[in-house]
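Asker: Please build the complete structure, drawing on both the sequences and the hints.
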Amino acid sequence: MQWSTQRWRRPARIDRFHPSGENEVTMLRFTARRLLHAIPLLFGVVTLMFFLLQLAPGDPIQALIGDYPATPEYVAQVTKTYGLDEPLMVRYWEYLQQVFTLDLGESLASRVPVIDLITDRLGNTLILTVTAMTFAAIIGIALGVWAGVSRSRLLDHLVTGVAVGSLSIPMFWLGQMLVLIFAIKLSVLPSQGMYSTRSTAEGIDRLSDLLTHLLLPALVLAMREIGVVARIVRTSVHDVLTLPYVETARAKGFSRSKIIRRHVVRNSLLPAVTVIGYNFGFVLAGSVLVETVFGWPGMGQLLYESIRNRDNAVTIGIVLLIAVVVVVVNLITDLVYGLVDPRIRVGASTGGRA
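Position 294, counted from 1, in the sequence shown is what full-length UniProt numbering calls 294; the numbers after and before it change by one each time, with no gaps.
I should point out that these hints are in silico values taken from the structure, not numbers from a laboratory.
Everything hinted at is true.
Just the calculated beta-carbon pair ranges, DEER-fashion:
1) L52 - Y278: 23 to 33 Å
2) Q54 - Y245: 51 to 61 Å
3) L41 - H157: 36 to 46 Å
4) L180 - R206: 21 to 31 Å
5) Y278 - A183: 30 to 40 Å
6) P244 - D103: 51 to 61 Å
7) Y245 - R308: 48 to 58 Å
Note that CB positions come from ideal geometry on N, CA and C, so glycine has one too.
Answerer: Spelled out as structure tokens, the structure:
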């Protein structure tokens, strides 16, 4: 009777998620802990970027005035107007105060608030990066599963080679090659911009115009992640195929396709979820090169222009926003992984001693 009571108490459903109870508290603590860890990270990003840009070559005042001759009085007036005559630590402290009040300052080049410049471009960058991650997830998972379940070593090596090759090709070079082939030689896809310059299309025609301009930059941006996801999924599939429940399914006479679909693929995607979520930051950072090559009007192109013009407020603002997006996406990834895999929640509740 004692054994029966202990057995009844032990499966207290701690490994199943429900909207109330201990699991909810565990996930809330886990979320709060991750958010608290993000504060010093964002503080470090702002501090590092601020001082690195002060050490960068070039004069922001000269970039602001341009190549026109200016009197020393005018240069002094502009310097005082933008507070560049103050000591470095004073400027740093004032900028920190602005950031904590969600005021990222004003662009030296366009005289427009930085937050307005970023929000105007943020949507375009998200369209590009989300599409690229969708391509990476679909193509990478398909290649990884194909290579993992294939009985042909040649096919396995071929898919693995393609995955490794995608990691080795520089994005800017690949983008230029695709422009040369599909835009210049074949003339089937546009090479620059987000929409056709003289287009007045609306509705479905405008969406079609967007998709044709989106295809090449999204594929280039996704290439590296396709290789990463494919290799992770391939390894995970190999590991799952050796687990006891797969052997049990085979012994019960289940077909190979049913085993792969219900048992292998489903349990092989957990590492892919983590990789896709954590690598979103790499894709967001890589959009700088891709947007520059394809003339995509997003944050990446704005970041390139701000660095070239020594517009430090815009540069720091974009990098800070990228850091915030990465932290949020990583947090969402951890939460999704915790919902899918109960061991993560148990580990979080016990401080890693599951």
